[in-house]
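Protein sequence lines, in the order shown, are assigned to chains L and D.
So for the first sequence, our numbering puts the first residue at 3; every next one is plus one.
So for the second sequence, our numbering puts the first residue at 3; every next one is plus one.
Just so you know, these hints were derived from the structure itself, not from any lab.
Some hints could be false.
[Claimed, not checked] Chain L residues, not near chain D, derived (Cβ > 10 Å throughout):
#1 P10
#2 S94
#3 M110
#4 H308
#5 R410
#6 R460
[What the hints assert, rightly or not] For the chain L half of the interface with chain D, some residues (derived, Cβ under 10 Å), not all of them:
#7 A28
#8 W115
#9 L374
Cβ atoms here follow ideal geometry from the backbone N, Cα and C, with glycine treated the same way.
Protein chains: 2
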Amino acid sequence: MESKGLQPMDSEQLRENAHKMVDFIADYYKSIENFPVLSQVEPGYLRELLPDSAPNQPETLQNVLDDVQAKILPGVTHWQSPSYFAYYPSNSSVAGFLGEMLSAGINMVGFSWITSPAATELEMIVLDWLGKLLKLPEDFLSTAGQGGGVIQGTASEAVLVVLLAARDRVLRKLGKNALEKLVVYASDQTHSALQKACQIGGIHPENCKLLKTDSSTNYALSPNLLSKAISDDISTGLVPFFLCATVGTTSSTAVDPLLSLGKIAKNNGIWFHVDAAYAGSACICPEYRCYIDGVEEADSFNMNAHKWFLTNFDCSALWVKDRNALIQSLSTNPEFLKNKASQAKMVVDYKDWQIPLGRRFRSLKLWMVLRLYGLENLQCYIRNHINLAKYFEGLVAADSRFEVVTPRVFSLVCFRLLPPNNNEDHGNNLNHDLLDAVNSTGKIFISHTVLSGKYILRFAVGAPLTEERHVTAAWKVLQDEASALLGSL
Amino acid sequence: MESKGLQPMDSEQLRENAHKMVDFIADYYKSIENFPVLSQVEPGYLRELLPDSAPNQPETLQNVLDDVQAKILPGVTHWQSPSYFAYYPSNSSVAGFLGEMLSAGINMVGFSWITSPAATELEMIVLDWLGKLLKLPEDFLSTAGQGGGVIQGTASEAVLVVLLAARDRVLRKLGKNALEKLVVYASDQTHSALQKACQIGGIHPENCKLLKTDSSTNYALSPNLLSKAISDDISTGLVPFFLCATVGTTSSTAVDPLLSLGKIAKNNGIWFHVDAAYAGSACICPEYRCYIDGVEEADSFNMNAHKWFLTNFDCSALWVKDRNALIQSLSTNPEFLKNKASQAKMVVDYKDWQIPLGRRFRSLKLWMVLRLYGLENLQCYIRNHINLAKYFEGLVAADSRFEVVTPRVFSLVCFRLLPPNNNEDHGNNLNHDLLDAVNSTGKIFISHTVLSGKYILRFAVGAPLTEERHVTAAWKVLQDEASALLGSL
């Protein structure tokens, strides 16, 4: 850009080049349906296309953009494609993108209030806004007592920080050598992030108890099983301290019964965390709010605005009732960060609510999503995806070669191709092959899971550009590839 | 934006609105010197300016931008201001900003290779590039055996993941109940992130040994002290397992002697981590590379490209020699993420090298910084800041009311106002008051530390817009406020 006397933040260079980048990105979205949804490159493809060291002299932006087009985009799996139905969605939106731009533009590091008061205060306010849209109990809001929300990077970090808060709360009572006795409960459908949090926090692996679920509860955790596990563990001298329930599991959107689980947790002095990373978004609609009934029993609640809420990655909203539990576990107070406002305890310093020290101005994008779209539009957005999932469910049900495996609750349909002649030995390979076949077309991208030993295909509606025609076309791909597979048997 | 039938990712809406945002951000940089560097708002200022719930109906972008101007920017501490000299810098640049835009535009979640092969592969390649610029030993590069680099969010996460890898490596040998015996070593100048990592990982607080430093070593860790501490601990049955050395401490840019520390670590089977979060950037210049001599003894090495290397926050580069140690500690393998490439172990899945599952396409911005600027410009950029710091050091030295407290090594000057009549009782309050006074002017922002009981002012050059005239003006502010303070005594 400049060969002599680098001016790395000249405002006119920024203007000129960023306008170019805007057009590049807008053109990407214009042409996004031309790319294979799942990248079809082979491992190691990029190393052959790029030099093996950084240049000594500057290159032009055009050079770089040409390389993005020719070398990077073929290796991208297009999460924003309207034909992306894998895992869970990771929404981009104009508002979310603008918020990311502004955050990157200001580029401050808001670890303490003083390092940018607006960043901390906007985060508190916007999480109160979102908490109200979700009708969270008031003690999760920052305006009431010791509660409040915080933006974590991911649901993994959210469950980790509350697990640590809960661990240290009990270790302060029992002494640190009690660590080996601490027990965590969740269903076997719980996200692997919980096990990872246990590994990190030093919970003994055999004390991370993932209770079995099956189709009789639609893969929800049974309160009876939980009660029994807790009393068994107490009787052998273990110390139950943490329960993670999920609203909308990753495999099949199972919904754990919060109210009865929460009462068990409370009776046993157990920290109760609710992971609604995916399905939390739906709860801004009155007709879906019932799925988090019982959240008033929880100590912490998490939903990912970066999944299905139009807020670019990363933005995982975590609310707690007792911020001090987080702070006692995660605070540091080095001399070089001391300042009047913090010492006087007049402010929130979010560094003490999270793993990292530094943090981006992520509330901007959530604020912009809420303001530029408004609640009613956001509700329509959710309902539209759920309707599209219902539509897909109907298509599957109408083709006798397939079955819908678990009842659809939100915008995920779990289904599979039935093995010919009810030969279940063949069913898993068949669906594995079908998954491979449809994803290899590049026309759609779906993913899978296993439930009760059966290999299941997951069709998750939720990309911001998805319309009915994309669902129709996806079903056609599935039918065609199924016909080809079944024909070749 | 649309009241009916929300189209949240329409490419033409994106284009139109993002062009407006570019101009808003470019105008911000054009006017950045008009803002107080340190925000002067009072705690709670923003809640009075914003409604207490999200709107039902959409608002216009212009409304939001007006609010950013009127309500948010007054609460921002302007890290990109040319008169920002606090903490350490957090560089923005045109290239870094463009990379952030592109990453937010593509908005993929690259936890596994398959979810966007380009994201994983570009990260490996670009960290090899940067590793070569730093002349890291080959076994840190991804092309050689089991090493490789990974982008973490922050240096806190970097030290945490390697601490966990080291912890679990030793616990696999000794059994998990050995946790209470594990000992970590570092100097008392080490970043508080290490203590936080120990808290998280369940290392007993009394086993996190921060060895005393003083001015006799310019606050570097003494190898003799370390040797003695290790043998004392071994003799009482403890298990030394982790050493963190720092190149460029946060207080005063102290440089721990890597070579001799590393040999002690190796002789004792201790994981040796080098934190060069700030000063690592300088090591791309041949004349500063000597400060990381001995890095060949390290197991892991970290530098923050988001500090002084023009890459927007967050981008913390971590290299390890043994990627399997990370993976064994941090991997999860749930069914819903299984895929051919991962199962065949043909690829790197960065989810297993970090705390979170999801991850942004952060290598794009580092790639763009390296390509759009090139090595020679980047070296000039570093040297220019170091020269400005030398210039400031000279100004301080020429005013007999002040003293430079520790020898300047990189671009940080540690100095203080001498207490009149050598009355040291008064020295700390005096400098505390001077800090408050200069920061309250809004003209500059500096921060402080304490060394050997003395309150010290830190002047860290490193913002991308800083020129000689800003350093001159900053010194004038310091002199004026010092005169006022001394006159009022």
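Non-conforming hints, listed in increasing numerical order: 1, 2, 3, 4, 6
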